[in-house]
Amino acid sequence: MINIEIDGKQVVTEPGSSVLDAAWKAGIHIPHFCYHKKLSIAASCRMCLVEVVKAPKPLPACATPVTEGMKVLTHSEMAIKAQKGVMEFLLINHPLDCPICDQGGECMLQDIAVGYGGSDSRYQEEKRIVMHKDVGELISTMEMSRCIQCTRCVRFGQEIAGMMELGMANRGEKAEIMSFVNSSVDSELSGNMIDLCPVGALTSKPFRYTARSWELSRYKSVSPHDGMGSNLSIHVKNNKVMRVTPSRNEAVNECWLSDKERFSYQGLNSPERLTKPMLKQDGKWLEVEWPVALEYVANGLRDITQNGGAAQLGALATPHSTLEELYLLQKLMKGIGSENVDFRLRQADFSADGKRAGAPWLGMQIDDINNLDRLLIVGSFLRKDHPLLAHRVRQAVKKGAQLNILHSVDDDLLCPVANKQVVKPDELLDQLLQILQALKVASGTTSAHSEISGAATSIAQSLAGGQRVAILLGNFAQQHPLAAQIAVVAENIASLSKASFGYLGEAANSVGGYIAKAIPGNNGLNASQMLVAPRKAYLLLNVEPELDLQDPQQAIAAVSSAAMVVALSAYKHQAQAYADVQLPISAFTETSGSFINTEGRVQSFKGSVKPLGDARPAWKVLRLLGNLMNVPGFTYDSSEAVRDELLSGTPLAERLNNHLDLPLPTQAVKAAATGLQRVAEVPIYTADALVRRSTALQKTSDAATPVVSMHGSELVKLGVASGNTVNVVQNGVAVPLKIVADDKLPAGVARVPAGHPATALLGAMFGNITVERS
Amino acid sequence: MEKIKNFFKTFLLYELVKGMAVTGRYFFARKITVQYPDEKTPQSPRFRGLHAQRRYASGEERCIGCKLCEAVCPALAIKIEVAEREDGTRRTTQYDIDLVKCIFCGFCEESCPVDAIVETRVFEYVGEKKGDLYYTKAMLLANGDKHEAQIAKDRAEDAKFR
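Those protein sequences? They're chains V and F, same order as listed.
Read in order, the letters of the first sequence are residues 1 to 774 in my numbering.
Read in order, the letters of the second sequence are residues 1001 to 1162 in my numbering.
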């Protein structure tokens, strides 16, 4: 430890830390712009100049390492003179447009100028003008003259987002922040640059000119999107969510947010919101009052229970629902007598049900990912499915971790990958078995008797050589038709390589759904069975069957043939075609609730705004339905009461367990390999109901209409060229899509995204698919 | 002694004479009553009367919707909504002053970075119905257009003190 003195205060600090850090520790504020705790040191703004006794000139506090016995003066005459001088230079070219600047009121330059700026300017010459650039739909760069060249955005791109999309071109007075020629900023973390920009050069495009910072009330909340459970700060004006910014939580999202979480709020005020309960009478939709609608639903459910048995009821809920909603839904269904309830909508393989030792989870803490030294990620579209987890993986790799990938596509993860094996979906299990075999051979428990690929051997070597190892299954592996066997093999690999084994939670409540027991009970039907054998009535909790389910064809057929479909939804959607009742429920900002994120962290939040129109929190609606159906135990008067009931008893940590009580498969059963196999990801901006309605996100390149991509040789076989339109056929339904050659894909694979309106008519996310010339 | 003093004061009507002396003094003094509405008192260029929104010489409205006046208003009399106009500039879509709430402190005028909202010399305005004194953006701009010459003159006169 090093002892230094700052402004007469004795500070003890670690060797290698900067004067700025030490001052921060001692509670002394040194003004700065370019310094950021999570970014590298640039020392380009010079605002943090301080006097160091015996140094001839002022030194930048952010880039000066502490030395024993150092004496620093942050407010001496020399320091103040230097800081004021720097401030005058920064203000020379900065426009005086604070009154129209969106950053006004929360601007670092504005704040520091109050303390260090002059009351007028001595500058008489012409001010510098920087032309605006178009960098996409999320970041507004209309006023680049405001830029003070701190390069935080550039460093963020290089160090955190993993792709340098903004850079500083030219020198001196001509220096400008710009993207590469004609390219937009497409990183899925790009919105953080808005927060990082200390001035108003990079501002939020959707938020532009809609509110001033002092008008907004801020409420804490939790992201309803991916399994991370990022902490949000919801900014509200006049009972309307105006924007979303991150709320700092070092254990979860640090100070970042993915664009999905930041800009999805636009969907909250979408014109597609359902604001009145609606009933279908003689093919026409009528707006009704809540009591009428609820009575209708209760009568309908009672009818079907009496005539066909309670087993004729099925309930499906999205894993983006809150813990309380999922719990009450399953309690209602089980109270009526039906065990058919499920939230694992995109899962195909349910053979692990009943064999699980607990709820599947990450198997470790999220912030431990940064410290891993060996990683195997199986079947994950990591960057798009888990943008912030991908950032943590990148940080681990940067520190020297070896990242091993086993997947059916080869997407750029923006970091070096030690070993990767890209195979067809039906070979995934076989490859895992080879890795297991290679590990066994290496440990000497068996001699090689089957063929082991080179990649499998090097992955096994990599895993065996680590101290802190993790094996993680992504969405693709969890949705795979052989998911249970994949998990068993992965668990065995983990135990052989002393690794932690876990699942990357697909949605905000992928763990919570299990804890809330929103899974089929004894002899109950799971999400897939419920659709294979259509039920007479369905209760859909924020589910859009054509987009949210593993097999949209089956789903639409099942709900269309049902006698009664009750859609509890925040949005008007395709339900108008097949539902009988639509009940408007609140979006996540309008209700209290909890999410359990993928590491098993329970995060509760309160409503930030009042429900839109006549919409009501789903837990209240389900509670009332419980009362109307005379189900005992529906006497909650707050969502906290529901949460406390379901979390009481066994501590949560003991309910999380990834162990599967299934035999280890010895040989992967290969399907007869004929034709193309489908590889389906869920595009990042159509993954849930809320982001689908965010107008800004829908204009980004990640939300472009899906294309079918295949290996170049497959295109030659078909006789088509990249860019042509082809017919993609699954179960007799043809959908026209553009075809694109992607030589990184294995041959025999067609990558056709699911969960998008353009592909909603196709069948299951896995299996055979045909591509024909149109 | 005091008793004798009071006795003579009572019988010589001292208080009455003293009171009438005041009356007599004012009876012959110069009259200061202003015969409003035939006569009017002089006004300072800083007079804070009815609000107006100004325009530039080009006809472009000055207000850029920074909302500083809304923030500074102690009576919460100002309501502003802002949006981006087609040409990309920041403009108000709603600018209302509730003159019933307004206390005419002049803070709005003082905070305005572009001299858009001003208080004019006009103080003779009425509202016959409830809501008549709720001034919208169009009414304020009309005020500005009507009194621009006077407003500009007053600002110029006061400029050296600002």
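Check before you lean on any hint, since a few could be wrong.
Pairs of lysine-lysine residues, derived as PhoX-like cross-links and limited to a Cα-Cα distance of at most 20 Å, are as follows [claimed, not checked]:
1) V:K237 to F:K1079
2) V:K717 to V:K699
3) F:K1079 to V:K240
4) V:K610 to V:K220
5) V:K517 to V:K610
6) V:K610 to V:K240
To list a few chain F residues with every Cβ distance to chain V over 12 Å, as calculated [as the list claims (entries may be wrong)]:
7) E1015
8) G1065
9) E1084
10) T1089
I should point out that these hints are in silico values taken from the structure, not numbers from a laboratory.
Virtual Cβ for every residue (Gly too), placed ideally from N, Cα, C.
For each hint, the structure was consulted:
1. Between V:K237 and F:K1079 the alpha-carbon distance is near 13 Å, which keeps this suggested pair within the 20 Å criterion.
2. Note on V:K717 and V:K699: the hinted pairing is violated, with a Cα-Cα distance of about 34 Å set against a maximum of 20 Å.
3. For the hint pairing F:K1079 with V:K240, the CA-to-CA distance comes to about 16 Å; that is within 20 Å, so the pair holds.
4. A threshold of 20 Å between alpha carbons decides the hint, and for V:K610 with V:K220 the separation of about 15 Å falls inside it, so the pair holds.
5. For a cut-off of 20 Å, the pair hint linking V:K517 to V:K610 is broken: about 29 Å separates their Cα positions.
6. Note on V:K610 and V:K240: the hinted pairing holds, with a Cα-Cα distance of about 9 Å set against a maximum of 20 Å.
7. Distance to chain V confirms F:E1015 as a non-interface residue, since its nearest Cβ pair spans about 62 Å, more than 12 Å.
8. A beta-carbon of chain V is positioned within 12 Å of the beta-carbon of F:G1065; the least distance is around 7 Å.
9. With a least beta-carbon separation of about 5 Å from chain V, F:E1084 fails to lie farther than 12 Å from that chain, contradicting its non-interface assignment.
10. Its beta-carbon lying about 8 Å from the closest one in chain V, F:T1089 breaks the requirement of being farther than 12 Å from that chain.
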